[in-house]
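Whole structure, please, built from the sequences with the hints as guidance.
Note that the protein sequences, when read in sequence, are chains A and B. For what it's worth, the numbering used here labels the leading residue of the first sequence as 1, then goes sequentially. For what it's worth, the numbering used here labels the leading residue of the second sequence as 1, then goes sequentially.
Since the hints were made in silico from the structure, they are not lab data. Accuracy of the hints is not assured; some may be wrong.
What the hints assert, rightly or not - Computed footprint of chain A on chain B, listed as stretches where at least three residues anywhere in the stretch have a Cβ under 8 Å from a Cβ of chain A:
1) 40-49
2) 86-98
3) 122-132
4) 138-146
5) 149-158
What the hints assert, rightly or not - Example chain B residues on the side facing chain A (calculated, C-beta under 10 Å, incomplete):
6) Pro3
7) Gly14
8) Leu23
9) Pro24
10) Leu27
11) Asp29
12) Leu30
13) Val31
14) Ala32
15) Glu71
16) Ala79
17) Thr83
18) Arg102
19) Met111
All residues carry an ideal CB built from backbone N, CA and C; glycine is no exception.
Letter by letter, the chains look like this.
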Amino acid sequence: MPKGRQRLAADVRRSIEEPERIGKLWEAMERGRANRAATIEQAGLDLPAFRDRVRSIKETAAQDPSIAEAFADAVRANGGRVLFAATGQEAVRYLLDVCRAQGAEFLVKSKSLTSEEIEMNQGLAAEGIRAIETDLGELLCQVAGEKPSHLVFPAIHMTSDRIAKMLTEEYGEPIASEPSSILSAVRAKLRPLFLAAKVGVTGANIGVAETGSIVVETNEGNGRLVTSVPRVHVALIGLEKIVRHWEDAADLVRGHAISATGQRMTVYVSLISHRQPVAGDPAGREFHVIILDNGRTRMRADPIFRDALNCIRCGACMNVCPTYGVTGGHVFGHIYPGPIGIPWTANVHGLEEASFAHLCVSCGLCHEICPVDIDIPFMIAKVKEQDVEAHGQPTAERFFMASEAFAKVACLMAPLANGLFRRGPARILMEWTLGVDRRRTLPPFARRTLRSRVRARGTKVGRVGKVAFFPDLYAEYNNPDLGLKAIEILERLGYSVLIPDVRWSGMPYVSYGRLGKASALAEFNLRILGPLVDQGYDIVSTEPTAVYMLRKVYPKLREGELATKVGTHAFGFFEFIERGLAGLPLRPSRDVAGVVGFHIPCHDRALTSGAPAMRFLERASYRVRAVETGTCCGIAGTFGMKSGWLGYDLSMAVGEKLFEQFRQSECNLIATESSVCTLQLRDGLGRAILHPLDMVRFEGAG
Amino acid sequence: MTPVLLESILKGHGANRVVVANLPRELRDLVAVALKDLSIAFVEDLPSEDALAACAAADVGITWADFAIAEDGALGEVARDDTARLAASLPIVHVVLLPAGRLVRDVAEAMAFAGGLLRSSGPGQRPTITFISGPSRTGDIELRLLYGVHGPHSLHVVLLDWYEGR
Ligand code: SF4
Ligand code: SF4
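Below, the structure is given as structure tokens:
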């Protein structure tokens, strides 16, 4: 295994074995998600429209260099000074000069991720100037000598006991671990520093070119003090954060707060254009703005990574990321943590620091929740690609990328293969040689594939429409009965069905960073599906991941008309049949007393969130309830089949939260659509997991 | 009514030293009368070098909001002198006077309004505008919601229905 990953595996192990290392992270994530959802609902926000607006504002801001120039001119016209810093060192050097000119030995800071990006505190310290963090979470990290573990709650990994002990030592006076005592102690300690500070440094959430202003958002009010007490205020802003007009800033102010903490707006939103006098005296009040590039212009030119510049740093993506939730920002992050931290780290801190990319299991949830519709998973796939090209690929990943060929062979020798895969020495061997975890149940292979059975059975001609059924691996090689049942229902609803000569959908190529192969496969499948769509076919699959690939990923891999066309004609099975269902009398084939707990597969969250499948079951007289943690079950395709800490163990640790929900839900049946989620739930719960199609009969059929 | 109300708020906090800033001229007398028993400083009138110390020593700051954002329960503070922000941020109690009729609907309107004000003020003459939607707060220790970390622990808003604003 490549070195970077070995280190990563050790870190993952530590996070799982010592869950106190990440403290209340999971709770913070859950709360963040719940608050966000509640506020969106309460504010009556039209989310898709809001996303479109924010995206178009940010795209303009990130791509048009003339905006930063206009901003700089306006700042100067207001009497401020501007530095365009190409690198972090330049920014730090400028700041040093400012401090020296003021005779300042220290400065006070409000929270600024950008200052962390350029490791400003360290740069200043090396020259004898102390940068004092005043945001409580940042301050705690600074005292502990640790990096922030979450964008919004930097010290979420620390317990109050630990904080009290640490501050008692730092301040040399006893502090009780009651949070309010900690707070009073910090307030008392920082106040004289605020009052004596000559220089205050802030980041800026937004820059507004038309008036040369910045927007600083804080909850604690430290930003107010940092920008009013000291004689000099220096603001550090990434050049992608500058918009042209005030009207553009409104949606961003809304977006930051809602997505970050579920607040409608942060407590203090300050619109600052220059210094104000104090009691009428303007003497010595200086305003400086450092506009930071540090790799951003390069990112701007990159067709894939430019998307990262659209980030508004709200933290919503880390609140859904399943593996971040188990490992925390110290493992799942370098300086920038979480999903969006991966492309940022690779671009501003280098590929060597970005090996945590391999913790991403490609569930797609971060893209789904992002208020700017940033395709984070695709950028991560690109980082993985760069990493495997530089550092090599583990055997298990190569094996799973060959799943299709393997499935073909396994089907040919099905009874034997299934016997071997169940348990025992063959699995140990498989673990040693292929890196497939011996503890993971693998789905048995069928003796005859779906295609051969459909050929033998023949198909019917229907008049309602035409369907190209996309089986993907599971329905083709593992569970052709499922595929047949789906086809039968489609035929009963009046569709002519054929199975096109497509290959599999190929998710592992994306998950494991082989975008070239993914792209070639997409091209192959699209060339077959495109003409079918032209002939009036819709593409339907029982595998959520296949639909996700067709709709969301192929258009990204093969930009152009063909992929878009195919994508808009690709549907999940239940979504597709829903309209015609009235004519199909469904009967339950299982006990309907009690409740069905339904697990929504991640890849379906971006599509239908499981709603049509749940309605399908309800139509068959079941009572259905989604049981969820709001994130992934943990298996994430083949990730949880890989052996060890960067596979099975991490996957089960993620899954544990969901298993617990199921255990407490007291549902008597458990259903889901995805083939791999089924494996995960079965391994985690030791119970039978059903596909909705296994739970119904219809009149006149088996 | 207003003087009585102010007095009772300050009594409730056991206030001794009060700083006042950014008030329209005609309201100054009213505040002075209401608080005649306390040590009260109008910070803008102090020598510049004493303003900071006065605010730091006070336990209550009384300031002015030009408008408020209805849907979000936020105040719009327009400061052309930093004594306004010092008096609002340093004391542990913040009392804001707000003309009741000056409401905008939501953040979008507030930003449009603020943007208009900033544009029309001209280079170097722009106010510092702050939307304030509560007392200083943090969730950084174990997600527990706590007030008063750096700025005020308590925020009182006194709505003036008899005064239109400056
Ligand atoms: S795709 Fe899923 S696992 Fe990967 S970074 Fe996004 S949320 Fe995390
Ligand atoms: S990538 Fe999207 S969700 Fe994540 S912090 Fe940035 S804006 Fe928020």
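Each hint tested on the structure:
no., hint, result
1, 40-49, "holds (count 6)"
2, 86-98, "holds (count 4)"
3, 122-132, "holds (count 9)"
4, 138-146, "holds (count 8)"
5, 149-158, "holds (count 4)"
6, Pro3, "violated, 25 Å"
7, Gly14, "violated, 17 Å"
8, Leu23, "violated, 14 Å"
9, Pro24, "violated, 17 Å"
10, Leu27, "violated, 18 Å"
11, Asp29, "violated, 20 Å"
12, Leu30, "violated, 22 Å"
13, Val31, "violated, 18 Å"
14, Ala32, "violated, 18 Å"
15, Glu71, "holds, 8 Å"
16, Ala79, "holds, 6 Å"
17, Thr83, "holds, 5 Å"
18, Arg102, "violated, 17 Å"
19, Met111, "holds, 4 Å"
Hint violations for this structure: numbers 6, 7, 8, 9, 10, 11, 12, 13, 14, 18, all remaining hints satisfied.
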